[in-house]
Structure formats: structure tokens, C-alpha cells
Amino acid sequence: MSGIRVILWKEMVDYFGSKRFLILFIIICLTGISVAYLASQNLGSFAHIPGEFLLLGFFISSAGSLPSFTFFVSFFGPLIGLILGFDAISGERSRGTISMVLSQPVFRDSLINGKFLAGLATIAVMFVSIFLIILGLGIWTLGFSPNLEEISRIGVYYLASVVYVGFWLSLGILFSILFRRTSSSALTSIMMWIFFTFFIYMIANVVADQIAPVAAVTTPEVVAKNEAIRRMILRISPAALFDQIATAVLNPSVRAFGFINPAQISGLLPTPLSLGQSLMIVWPEFVGLVALMLICFAVSYVVFMRQEIRSL
Amino acid sequence: MEWVVEANQLKKVYNGVKAVDGMDLRIKEGEIFGFLGPNGAGKTTTILMLLGLTEPTSGEVKVFGYNSTKNPLEVKRITGYLPENIGFYEDLTARENLIYITKLNGIPPSESAARVEEVLSVVGLSEVADKEAGKFSRGMLQRLGMAATLVKQPKLVILDEPTLGIDPEGVEQILNLIRKMKEEKNITILLSSHFLHQVQRICDRIGIVSQGKIVIEGSVDEVGEKIMGEGGTQIQVQVSQLTPGLLDSIKEIEGVRDIDVSGNFLNIRCDRDLRLEVSRAIVEKGCFPLLFKTQDYTLEEIYVRYFRER
Ligand SMILES: Nc1ncnc2c1ncn2[C@@H]1O[C@H](COP(=O)(O)OP(=O)(O)OP(=O)(O)O)[C@@H](O)[C@H]1O
Ligand SMILES: [Mg+2]
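Line by line, the protein sequences are chains A and B.
Just so you know, this note's numbering puts the end of the first sequence at 369, numbered straight through with nothing missing.
Just so you know, this note's numbering puts the end of the second sequence at 1314, numbered straight through with nothing missing.
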């Protein structure tokens, strides 16, 4: 307990007062406003959305050439987390402040816990702002107030976004502990980002096509296997996990992922699912995302507790 | 008697390299102990183990009876530490940095303001207290570092090269400050340094560290004797002229080992102080001494000599 409140408070003040935060915040607000604006100009693309979920359209519809908001979060969200985390410890090391702080009577984990929690709080606040902007503009455009179901779906999606970006924050912190130099930490962070949000999709496709090639004429079994392999590989990517959560939570009509045998759904009425049912579909992904974040943090914790505190 | 710092057979191995190799260290209450040694001798590593900032490979270290590895919090509560490369939060002012430290120490806000003002004036930074630490010069940072060690009202202060990169006037101030800490507050001080003439002035006891252990320990005089003991003393004489037979008659004096001659300067190495006998011999040979000096060994020479002999 010793010291964590003091450190947490200082880190929060630091984050919120930093230029880095200001720039991110401006970018995020602009993104939110433009996404909501473009969606409102393009309400035609909402046609497939059931009437009672129109507000969700502001998060998932891609207007014109611009991608949707969910895409923005899953693609650029990692950068926010990494930017907040990549120099958490290595920065203290290179400035020589780590010796100053840790020679005071505070538990060593207070520093890393404080940094992680402060980062998480920063992310939560950023996302609250952007969600409120989009919601506000959405309600204003549509002209009617949201229903509880919409609000809870957006709430769950918000939670998932914070956990998702929180994972990248803890990954950034891990690199800031593993690497003595801030530049190495930054480079590795960027590499991980590119790998997990980009290359992993290609790798998954290549591997799946190798094991279960889909030709012009193939049995549904092969197609299903191909899809299953792809999904299995993607499961290690937080971006893919997050995409699935977003899809299921924001599209009440999504019933399953992957290849669906037409026989399975024939005769089913295309009624939207309840939030509980949607959550059942992506429950494993949600748990997986939280687990990834916690594992990453736990590794940072263990490494840091055993590390030598020497200013360079 | 209870030692302030007590290390027994402390060892630290980094990937097979022995940084500290069987260090035994004992520091008494109220003394200034100087830790001397060349680069890479293991001074900083020992200090880190004293504070629980790194784990010993083997051996144990206690500060005021608290085991530094198992109970670092208690040790850090009563120990002020000035690291080798001190750093402060650059966007906070000197005062804010110190306030932050008092918060980390759990000092109540009602008390911390007064304490911070006091230490700022002790180190002479009151005037620039509201300047951002990022704009401080090296010497000011070092003094702020001293303030940071003092603000928690420690019983032991560990200073790792406190005078590194400071101009002569600044060095003077810091050395005086260290003495004052001991004399006015009865703080025990462990100080590591390369600058021997400084250490010599303020340390009660010194330990020379080489390859991860203390090789010689004692007061400055004792250490000098231990190293130079075998070397005896040295007398330097300037004579009015070199008369024939002079050198031979000096050599005959019991206890004289050898003489170096350069011009009319004689460097005489002998077992003990033989100035009386030497001057008698000089006068007997019909000349007189112009200048007489016994060599006072500075720590510098002791130190250089010790490490040259290795
Ligand atoms: N993290 C590390 N990994 C490997 N070797 C290390 C590490 N830290 C220190 N060493 C080695 O341990 C030895 C002792 O280092 P230490 O910093 O204790 O020396 P020092 O006496 O403080 O020297 P200086 O006067 O230069 O500050 C050196 O040989 C150094 O190279
Ligand atoms: Mg050192």
C-alpha cells in the first residue's frame, strides 16, 4: 500500500498535464467528431440496422471512404496505449528519477502499479470523452433519446475498448522495463503493433490455406476447417479478439462467427439478440482480452520486482 | 556495540563477473566513512545492496539492524541516498520535488512545508526553490540531491560520488555541508569518491576498495602507514653544494636506504625520520642545507601507489 496513492496521483497529474496527452486528446476528439458527423451525413448506410439500434450505427457504419469508429479503435487504440506506456520505467531510469523514488520508503511495486493505474485512468477518461461526443452528436442527429439496450451495449463496448487499450498500455510498460533504452522500447512497441494488427491476419490466412486449401469446389467441411484454423491463430491477437467483441456487441443480429452452414440457420428468424445472448457469443474473447492484459502486467511486475535499480 | 552498517561477506555476481566479492564493512554511529576505489571496484554495487535496490548473490547486509534485502522499507525510512547520477522531475520545481519526497515518506503535509524550507536553506537553494529542476545546473542538482537526502531526517546518509562534476567552490560547499550533517545532526555518513584529497579532509575512516572488497581500512593516517610502512619515509634536502664524500657519508648513516640526486637536490629514502643525522652529516662535509622537507604522503599518493603495485 505504501506510497501507491501518492505515486498514482502524481502520475495522473503528469499524464493529464503532458503534451503527449493533449495531442492524443485533440486527435481523438477530432476523430470522434468527424466519425459522428460523417455517419450522420450518411444515414442511408444504416439501412441494415434494426430500428431500435440506430444509435449503434454511429459506431459501426463506415461512411464513404472513411473506416468506421470500431476500426479506428482497434487499429489506432494500440498506439494510444503504447504511447502512454513505452517510457514508463525506462524514462524514469534515463532521467535518474527511479533511484530517487525507490530510495524512499515505498514498495517497489507501487511505482509500476501507480503507473499502470494512472495510464488506465487516462485511457478511461479519453474514451469517455470520445464516446460522449459520438453519443451526443448521434442523439442530436437522430432526434430521439437512446434506449437502455443501446446504452448498455455501448457501455460494454466502452469497457472492452478500455481493456483492449489497457493491454497495449501494459505491453508498453513491459517493454519499458525490459529495455534500458527508451528508443528500443519504442521500436519494439511499434513492431508489436504492426505484427498484431496487420501481419497476423496475413499469417493466419497463409497457414489456414496451407492446411486446408479452399479450391473452387470444396466441401463445406474444408471451408469450415479453414475458417477454424484462421480463427484459432487470430485468437492470440488482441486486435482480432477485440474486433469480434465489437462486432458481436454492436451488431445485435450477429449470431455466430466463422463459417456458418446454411443448414444451421435455415428456419431461424433474424430477430436481434439480447445483450446477454450477444455476450454469450464473445464471452471467451472477452475473458481472453482481460487475461492478456493481466498476464502482460503480471510479467512486467515479476521482472520489475527482481530488477536492479541503478540510474544510468 | 551495534553497527550502523554491517556487511558480511557480501557478494554480487553479474553473469559470471564478480562485481562485489566478499565485502566486509562496518560503520560506527556518527562517523564519516569514505569508500575509495578506482572505477568498477564495486562501490556503487555495494551501496545498492545496502539499500535493497539490488539483491546480493550471497552474504547479508544490515543497516541499523534491519536486513536490507528482506526489509528494505525500514532501511529506506531512515537512510538518505544520493545516487551517482541524481535526477529530479524536470517539470517540477525544486520545492515541488522535495514535497513529493516528503509525501513518499508519509510526512504529514502540515510538517512537510517547514522541513522543505529548512533543507532548502541548509543547501543554499532557497532563492531558486521555485525554479524547475530541469533548468538546474549540475551543481545545483547535486545540492538539491543533498536536500532530498536530508528532508526525511535520516540517521544514515549514503552519498555516491557527491562531488563529481562540481567546480571547486561547489565542492567546498558540499564538503562543508557533509561535515555539518555529521556535527550538527549526528548523522552517520557513507561517502564514495575518487577525489582523495577531499575525502582525506572530511572522513574519519576510509576503506580502499579493490576488485569488490575492502583491501585496507582505517583512519587516513593508519591507511597511509599500512601502505607506505614498508616504504619508510622520504626526506628532500637542497644543499648549498655537492661536496665530495657527502653522498657516501649520508649513505653510511644507519637507516638510510638510498639517495637520488638531481642537481643539488637529494631525495633520501630511509626507515624513519633522520633529519637530524642527515643535517649533521651535511654540516660535517662543509656545506649547509638550504631546504629541508619530509614528504607528507597524501592519500592521493597512497592510493596511486597502492594500485600501481597491484
Ligand atoms: N548491471 C550490470 N551488469 C553487469 N555488470 C555490471 C552491472 N553493474 C555493474 N557491473 C560491473 O560491476 C563492477 C562494479 O561496478 P560498480 O558500479 O559497483 O563500480 P564503482 O566502484 O561504483 O565504479 P565507479 O567508480 O565507476 O562508479 C564493474 O566492473 C561493472 O562493470
Ligand atoms: Mg559508482
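None of these hints come from the bench; they were simulated from the model.
Be aware that a few hints might be false.
What the hints assert, rightly or not - Subject to a maximum C-alpha distance of 20 Å in a straight line, what follows is the list of computed EDC-like cross-link-like pairs (lysine to aspartate or glutamate):
#1 B/Lys-1015 / B/Asp-1028
#2 A/Lys-67 / B/Glu-1256
#3 A/Lys-67 / B/Glu-1035
#4 B/Lys-1139 / A/Glu-365
#5 B/Lys-1184 / A/Asp-71
#6 B/Lys-1107 / A/Glu-365
#7 A/Lys-76 / B/Glu-1136
#8 B/Lys-1189 / B/Glu-1122
#9 B/Lys-1015 / A/Glu-365
#10 B/Lys-1159 / B/Glu-1100
#11 B/Lys-1032 / B/Glu-1226
#12 B/Lys-1022 / A/Glu-365
#13 A/Lys-67 / B/Glu-1059
#14 B/Lys-1107 / B/Glu-1088
#15 A/Lys-67 / B/Glu-1136
#16 B/Lys-1289 / B/Asp-1264
#17 B/Lys-1159 / B/Asp-1095
#18 B/Lys-1186 / B/Glu-1288
What the hints assert, rightly or not - Away from chain B, derived, C-beta distances all over 10 Å, residues of chain A:
#19 Gly-60
#20 Gly-153
#21 Met-157
#22 Ser-160
#23 Phe-164
#24 Ile-190
#25 Tyr-258
#26 Ile-290
#27 Glu-365
#28 Ile-366
Claimed, not checked - Computed footprint of chain A on chain B; a stretch qualifies when at least three of its residues, placed anywhere within it, have a C-beta under 8 Å from a C-beta of chain A:
#29 1033-1047
#30 1067-1081
#31 1108-1118
Since this is a predicted model, take the numbers as computed values, not measurements.
In this text, a Cβ means the ideal position worked out from N, Cα and C, and glycines have one as well.
Checking each numbered hint in turn, tell me which of them this model violates, lowest number first. 2, 3, 4, 5, 6, 10, 13, 14, 17, 18, 19, 20, 21, 22, 23, 27, 28, 29
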